[in-house]
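> Once you've looked at the hints, dock chain B against the given chain A.
2 protein chains.
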Amino acid sequence: MARVDAVLTQIDKDLDNTLERLYALLRIESISTDPAYRQPCINAAQWLVDSLAEMGVEASVRDTAGLPMVVGHAGDSGPEILFYGHYDVQPVDPLELWHRPPFDPAIEDTADGKVIRARGAADDKGQLMTFVEACRAWKTVHGQLPARITFLFEGEEESGSPSLVPFLESHADELRASMALVCDTGMWNASTPAIGTMLRGMVGEEITITGPDKDLHSGMYGGPAQNPIRVLSRLLAGLHDDTGRITLPGFYDGVPELPAEIAEQWRGLDFKTEEFLGAVGLREAAGEQDYSALEQIWSRPTCEFNGINGGYTGDGFKTVLPSKASAKVSFRLVGTQDPEQIRKSLYQYIEQGLPGDCSVTFEPHGSSPGTSLPIEDPIFEQARQALSDEWGTPAAYTGCGGSIPVVGHFSDILGMDSLMIGFGLDDDQIHSPNEKYSLTSFHKGIRSWARVLDAISKDG
Amino acid sequence: MARVDAVLTQIDKDLDNTLERLYALLRIESISTDPAYRQPCINAAQWLVDSLAEMGVEASVRDTAGLPMVVGHAGDSGPEILFYGHYDVQPVDPLELWHRPPFDPAIEDTADGKVIRARGAADDKGQLMTFVEACRAWKTVHGQLPARITFLFEGEEESGSPSLVPFLESHADELRASMALVCDTGMWNASTPAIGTMLRGMVGEEITITGPDKDLHSGMYGGPAQNPIRVLSRLLAGLHDDTGRITLPGFYDGVPELPAEIAEQWRGLDFKTEEFLGAVGLREAAGEQDYSALEQIWSRPTCEFNGINGGYTGDGFKTVLPSKASAKVSFRLVGTQDPEQIRKSLYQYIEQGLPGDCSVTFEPHGSSPGTSLPIEDPIFEQARQALSDEWGTPAAYTGCGGSIPVVGHFSDILGMDSLMIGFGLDDDQIHSPNEKYSLTSFHKGIRSWARVLDAISKDG
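Heads up: the protein sequence lines correspond to chains A and B, in order.
Note that this note's numbering numbers the first sequence so that position 153 is 153, with each residue one more than the last.
Note that this note's numbering numbers the second sequence so that position 82 is 82, with each residue one more than the last.
Bound conformation, chain A alone (with noise of 0.2 Å):
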């Protein structure tokens, strides 16, 4: 009997005692996002390390100028890992929307089956006790674990992670590993298992032009006095062609075409534009001539409005003439385009186009580089392959058309690619009322774990 049949024997014996271990869990109301859940957030992390002690890990609340970290090792011989997941959840309200108290976690029956129903139960307390149960039962079976593994909680995920890179650059030699496994994404449907391999990055920046140094009448002076919301309107309309490319010069460059393996890889995931578009009200993919949606999300560069502003926009009507307007703008990037080189571009163009009687002031919020992982590294197709066997379905590689900052911070700080498994359903209703988790998820999610573990451990 292969080493990982009696690991996955003991998971399904022991599924009882495990969700009423992640129920202890689900029930600290670990919300980072207000300051009066301060205490429960400290008791979620205190409780992870208990529950990693029980099992042997030498673990421990670290604390930062925020909330804790939880850090623990296990392990002494295969390959340097470090897993990572959040303990804290979203904010509940409004409360009222939920059936049941988001903090008293239950099994219910759904027409898609049995689902762990609570705040937290999907992002991230039911995935990161995918890992650790997994750990747990091999621990049980074998006395050791397979491979050399650090555990890395955070409390702050959902408040922005203020405190995350300070304590990975402080702790660099303690959590470097050759692979970080990352549990806070999504299986590509309920039969399909994934590894996220492509993460877009994003340039943001506020733009704001003025024209006349007051607001003025247009009766006064409509006609010959600039309109700072004309003049932003046509620079933004000039950002795209007909086509739907973005026209900075040089936007393009380090922006790779789809290596034809994923290209076949995603045709065969029988992804629905008319579905995906038609939940949002939508029919027809609006992005890049040529690109099907799912390369336009994945695969492909944007550059987005996320918000304007100018000139009178209560009830009613003013005839102002506006002094300034303003628009928040945004860029996904993918490959290895340059987030700093794009927001150069986009104040060049800015610049060029403004009337000699307007002025432009920018405001940077924030840039990260596109993530492309290495999957040309075994280490993926040993995880695909495990993830096969225990879904009975090939795992694909899938990509994301966000950022999930921690990756970009461990290939930054610590020189190290991400794994990106996860279990969690496009309906779990993170950030939203009645958040679920499959019971599926759950417990193929640790049998998942188990076979990777197996997977990648077997040369170490």
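Treat the hints with care, since some could be wrong.
If chains are identical, the list can't say which one is meant, so a pair holds when it fits in one copy or spans any two.
Unchecked claim - Keeping only pairs whose Cα atoms sit at most 27 Å apart, straight-line, the calculated DSS-like set for lysine-lysine is: (1) LYS318 x LYS344; (2) LYS444 x LYS214; (3) LYS272 x LYS458; (4) LYS272 x LYS214.
No lab work stands behind these hints: they were computed from the structure.
For chain B alone, kept in the frame of chain A given last:
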């Protein structure tokens, strides 16, 4: 001795008493926008009735759904004219910026000569009193007025005149005359009197573009989802071409070329574009190429963006793809441009330019055509000569970039043109703290009206 000379002498002789009467009116806190000042408004109306009655005018307070009108009739021969002014004033806040109490009028010496300092000194109590006092002097000297004059004083001009149209409609027979005299405008400059002969009309419209049926995350949907800010920017940007011309089909139908005589006069006005725009931080006329700044304000139509709003506009940044974006758009109209045709043309332009996945809603915000007064009517030249005689400088026929709604109402409801003559100056601070009216404007304004009454009633 001409019949007006004795009147002018009487005006000069009685100036101190005239000022006392103006002060009495200025002391009444007739702020129409604030319901707390309803009684003072009524008191101002009654004060005017008493003042007219004292001169032998048959005057009365007329109730409306809002603040009362004052109507008076006098004279039994000569042309029929209606004189319009308003007795209500703007609020005084911020009070701390006034260097004397706003309702305690006094003469002050300034670098530009003596001024009457008080709320309403220029807008419009001082102006309406120039006409009333000219009539008083005429009656004193000649015993009767040279024209059949109806006085109409409104108390809601600063509140949007909600009762004016119903009152004109229900009193049309009583109020109709061959010409209205409207004293609520300004001189060209401190030495050059003016008659307003062109007013721009307006069409206002709010355009709301909807894309997805809810706000989306730009990581999840950025690319394939329509972004309504992008659509709106493109549509707004397309409303002007590179020369500043408005692109809507049929927009320029009814825009007249400026009569050569008026163009010649305007060139003689020595309008300084750099001073006019310099005062608001601008340098160059931004409107239609090949038209002077003065033409751009007075005789050319515009398309202006008065407000724009969409997505996240607070501090910081959110990577939202908004469901909606909206803009408040207005057109200033001249000549015989048809407001409703232009609205229709705008709707067609927007609807034709809308991507399939977006929808639009329109919210109309009023419309009024431009006004071109008939300067070929001899009364215009008679009045212009009278003003030129008083001031020793040829009076100018001027345009006005805004609208003066009462002129439109007189035309629409009473079929009556208006002679717009006023003695305000650009620095009168109407609607601001420290409002003033030049003592010269007041004194020579009274004399001007005596001359105008004389000139227009010679054939009567």
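> Given a CA cutoff of 27 Å, do LYS272 and LYS458 count as a within-copy pair, a between-copy pair, both, or neither?
neither (38 Å within a copy, 85 Å between copies)
> Are the CA atoms of LYS318 and LYS344 at most 27 Å apart within a copy, between copies, both, or neither?
Intra 36 Å, inter 21 Å, cutoff 27 Å: inter-copy only.
> From the Cα coordinates, with 27 Å as the cut-off, is the pair LYS272 and LYS214 best called within, between, both, or neither?
between (50 Å within a copy, 20 Å between copies)
> At most 27 Å between CA atoms: does that hold for LYS444 and LYS214 within a copy, between copies, both, or neither?
neither (63 Å within a copy, 33 Å between copies)
Hint compliance for this structure: hints 2 and 3 are broken, all remaining hints hold.
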